[in-house]
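S.K.: First to last, the sequence lines map onto chains A and B. Under the working numbering, the first residue of the first sequence carries the number 8, and numbering increases by one thereafter. Under the working numbering, the first residue of the second sequence carries the number 8, and numbering increases by one thereafter.
These aren't lab readings, by the way, just hints derived from the structure by calculation. Only a predicted model underlies this, so the values are computations on that prediction, with no experimental measurement involved. Treat each hint with caution, since some may be false.
To be verified - Okay, the calculated beta carbon distance ranges per label pair:
| no. | chain 1 | residue 1 | chain 2 | residue 2 | range |
| --- | --- | --- | --- | --- | --- |
| 1 | A | 240 | B | 72 | 54 to 62 Å |
| 2 | A | 96 | B | 305 | 51 to 59 Å |
| 3 | A | 240 | B | 185 | 47 to 55 Å |
Stated by the list, open to error - Selected chain A positions facing chain B (Cβ under 10 Å, derived; list incomplete):
| no. | residue |
| --- | --- |
| 4 | 60 |
| 5 | 63 |
| 6 | 204 |
| 7 | 221 |
| 8 | 305 |
Positions of the beta carbon are idealized from the N, C-alpha and C atoms, including for glycine.
There are 2 protein chains.
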Amino acid sequence: MKIELEQAADFLRENDDYLILMHANPDGDTLGCGFSLCGALQRMGKRARAVCPDHIPARFDYLREAVEEQQFEPQNIVCVDVADSRLLGELKELGDKAELCIDHHISNLDYAKRTLLRANYAAAAELVFEVIKALGVQIDRALANCLYTGIATDTGCFKFSNTKAQTHRYAAELMELGAECGKINYLHFDLKTKGRLALEQHIYKGMKFFEGGKIALVCLTLDDMSRLVDIDSDDVSSIASIPRQIEGVEIGISFKEKKNGVFKASLRSGEKINSALIAQKFGGGGHDRAAGCSFDCGYEKAEELLIAECVKALREAGLE
Amino acid sequence: MKIELEQAADFLRENDDYLILMHANPDGDTLGCGFSLCGALQRMGKRARAVCPDHIPARFDYLREAVEEQQFEPQNIVCVDVADSRLLGELKELGDKAELCIDHHISNLDYAKRTLLRANYAAAAELVFEVIKALGVQIDRALANCLYTGIATDTGCFKFSNTKAQTHRYAAELMELGAECGKINYLHFDLKTKGRLALEQHIYKGMKFFEGGKIALVCLTLDDMSRLVDIDSDDVSSIASIPRQIEGVEIGISFKEKKNGVFKASLRSGEKINSALIAQKFGGGGHDRAAGCSFDCGYEKAEELLIAECVKALREAGLE
Numbered sequence: 008m009k010i011e012l013e014q015a016a017d018f019l020r021e022n023d024d025y026l027i028l029m030h031a032n033p034d035g036d037t038l039g040c041g042f043s044l045c046g047a048l049q050r051m052g053k054r055a056r057a058v059c060p061d062h063i064p065a066r067f068d069y070l071r072e073a074v075e076e077q078q079f080e081p082q083n084i085v086c087v088d089v090a091d092s093r094l095l096g097e098l099k100e101l102g103d104k105a106e107l108c109i110d111h112h113i114s115n116l117d118y119a120k121r122t123l124l125r126a127n128y129a130a131a132a133e134l135v136f137e138v139i140k141a142l143g144v145q146i147d148r149a150l151a152n153c154l155y156t157g158i159a160t161d162t163g164c165f166k167f168s169n170t171k172a173q174t175h176r177y178a179a180e181l182m183e184l185g186a187e188c189g190k191i192n193y194l195h196f197d198l199k200t201k202g203r204l205a206l207e208q209h210i211y212k213g214m215k216f217f218e219g220g221k222i223a224l225v226c227l228t229l230d231d232m233s234r235l236v237d238i239d240s241d242d243v244s245s246i247a248s249i250p251r252q253i254e255g256v257e258i259g260i261s262f263k264e265k266k267n268g269v270f271k272a273s274l275r276s277g278e279k280i281n282s283a284l285i286a287q288k289f290g291g292g293g294h295d296r297a298a299g300c301s302f303d304c305g306y307e308k309a310e311e312l313l314i315a316e317c318v319k320a321l322r323e324a325g326l327e
Numbered sequence: 008m009k010i011e012l013e014q015a016a017d018f019l020r021e022n023d024d025y026l027i028l029m030h031a032n033p034d035g036d037t038l039g040c041g042f043s044l045c046g047a048l049q050r051m052g053k054r055a056r057a058v059c060p061d062h063i064p065a066r067f068d069y070l071r072e073a074v075e076e077q078q079f080e081p082q083n084i085v086c087v088d089v090a091d092s093r094l095l096g097e098l099k100e101l102g103d104k105a106e107l108c109i110d111h112h113i114s115n116l117d118y119a120k121r122t123l124l125r126a127n128y129a130a131a132a133e134l135v136f137e138v139i140k141a142l143g144v145q146i147d148r149a150l151a152n153c154l155y156t157g158i159a160t161d162t163g164c165f166k167f168s169n170t171k172a173q174t175h176r177y178a179a180e181l182m183e184l185g186a187e188c189g190k191i192n193y194l195h196f197d198l199k200t201k202g203r204l205a206l207e208q209h210i211y212k213g214m215k216f217f218e219g220g221k222i223a224l225v226c227l228t229l230d231d232m233s234r235l236v237d238i239d240s241d242d243v244s245s246i247a248s249i250p251r252q253i254e255g256v257e258i259g260i261s262f263k264e265k266k267n268g269v270f271k272a273s274l275r276s277g278e279k280i281n282s283a284l285i286a287q288k289f290g291g292g293g294h295d296r297a298a299g300c301s302f303d304c305g306y307e308k309a310e311e312l313l314i315a316e317c318v319k320a321l322r323e324a325g326l327e
């Protein structure tokens with residue numbers, strides 16, 4: 008059931024012993040939401056614990072400063088930034104019993120008893136910020152760091168087009184509340200692991216161009232991944248955006264081998280090409296500018312088929 | 008002479024026929040300031056022209072939409088984001104006759120008859136935004152695009168630690184005034200020229216590590232630059248930040264050959280190492296986290312000398 012901000016705040020005020028669930032394959036938004044909400048409830052004198060089904064990368068360690076470890080029997084489950092309980096991995100069954108979900112995904116399945124949704128927000132952390140303010144909790148540096156992390160990471164440091172005027176205003180507020188933005192931005196947007204560096208070199212070295220540079224393609228096989236140590240899922244998923252960043256490229260393609268011989272293609276395109284229409288030809292889908300599809304016909308054939316469709320799309324758009 | 012915002016606005020209101028000067032080797036801030044101020048004065052019914060001593064890279068073409076070409080004999084010179092008239096290249100003599108300078112550099116030499124300075128602002132465009140508002144000009148999309156460009160480019164898209172709460176608030180306002188932030192961010196922070204791509208591959212391939220990865224070093228020779236076509240000065244200057252971005256690196260060094268056998272070293276360091284102290288050993292200087300010095304003893308010797316000082320600095324900081 009969809010609820011409003013004050014109802015969510017009332018629910019949190021009236022209950023206790025919260026287990027806060029963050030989604031699998033965690034990003035800065037779900038973690039920032041989880042730890043800030045947990046810390047805020049603890050500051051109200053309540054018991055709360057934030058858990059994630061997957062390992063939390065070390066660069067997010069500082070988020071834990073917002074909370075203290077508490078042992079208790081959870082009574083109320085809250086999900087943050089979780090559109091679907093299946094995104095909770097091994098915690099799915101707990102997620103299905105959620106009393107409250109706070110989220111910003113338009114695809115939210117309304118699986119929780121109560122859902123507070125703002126589908127136009129760039130980050131769920133913007134909404135959790137509003138909830139914490141509605142609860143009347145004084146926001147200190149540690150909480151501000153969590154909330155800023157959610158907002159900054161979900162917007163690519165205010166670079167992506169999901170960034171709104173409100174996003175900037177909330178960042179300004181959090182900065183004034185003590186968020187250590189310089190330090191946080193360095194960790195998430197500057198720092199490169201050696202694994203990431205090796206991955207990028209591999210990707211750039213193997214990049215192929217078609218149609219006079221209008222299509223760029225990269226590929227990452229299971230074999231590549233076994234040789235590239237010290238890379239995490241974030242690193243791998245971020246390669247999808249690399250080919251489209253090259254000047255002159257209208258369609259960027261990244262192939263990733265999912266299991267032996269099965270390749271997932273991610274498509275990224277400019278304003279003149281509809282990625283989703285191309286992906287649909289192969290049973291996939293997505294958005295106008297970002298879409299994906301899968302192939303189990305072996306790599307060479309997959310590349311040939313997909314490039315042929317992309318060339319057709321360029322032709323139809325008058326971009327030959 | 009230092010003046011305040013209202014005095015700058017009064018001067019601009021009371022006069023006409025402005026020549027606005029932007030600094031050599033132009034960046035988004037000086038260009039955003041120049042074209043927005045020029046456009047604003049034109050919207051007040053005045054004559055104005057913005058000029059730059061150097062070529063303006065094509066990715067800034069859209070800034071010109073804020074102005075119209077006007078032919079007239081200039082009567083009043085205004086410099087924007089220009090700390091020193093020597094930064095005007097061949098326009099230096101005109102700069103020395105400036106009636107007004109609007110700037111945010113603490114190093115501003117107060118060379119103009121009137122200087123409006125806000126040394127704590129991240130971008131001069133924040134200050135020009137205030138000036139245009141004080142002039143009562145209605146800010147349309149084209150002007151907002153210029154001002155947003157100045158703010159976003161001088162802060163690395165809100166990533167650098169010069170970003171303040173006000174910076175985010177002004178970005179929010181400009182977004183509401185129609186600034187096409189997604190498009191602008193793509194141009195300046197995502198798009199990679201093929202030259203830039205080749206340069207990065209060259210840099211990463213040649214990167215050397217010392218002291219177990221605590222020092223990283225890259226080098227760009229005149230010979231490299233002659234082989235790497237399609238790179239601009241922005242590309243070359245940006246390599247200074249690359250080595251420090253690698254995980255575990257406390258001191259990042261980039262060497263650039265300035266003329267045959269003369270190498271300029273740029274140093275970047277984390278919180279525990281003072282770059283300026285190292286650069287001073289070789290007659291250079293700078294800030295705690297970013298400094299530079301020059302060597303004319305040939306590359307091998309320069310590298311040896313500088314690495315030895317860096318190792319010493321690591322030792323003194325207890326980072327061995």
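S.K.: Work down the list of hints and note, for each, if the structure agrees.
M.R.: Each hint, compared with the structure:
| no. | hint | verdict |
| --- | --- | --- |
| 1 | A/240 x B/72: 54 to 62 Å | violated, 42 Å |
| 2 | A/96 x B/305: 51 to 59 Å | holds, 58 Å |
| 3 | A/240 x B/185: 47 to 55 Å | violated, 38 Å |
| 4 | 60 | violated, 26 Å |
| 5 | 63 | violated, 17 Å |
| 6 | 204 | holds, 6 Å |
| 7 | 221 | violated, 13 Å |
| 8 | 305 | violated, 29 Å |
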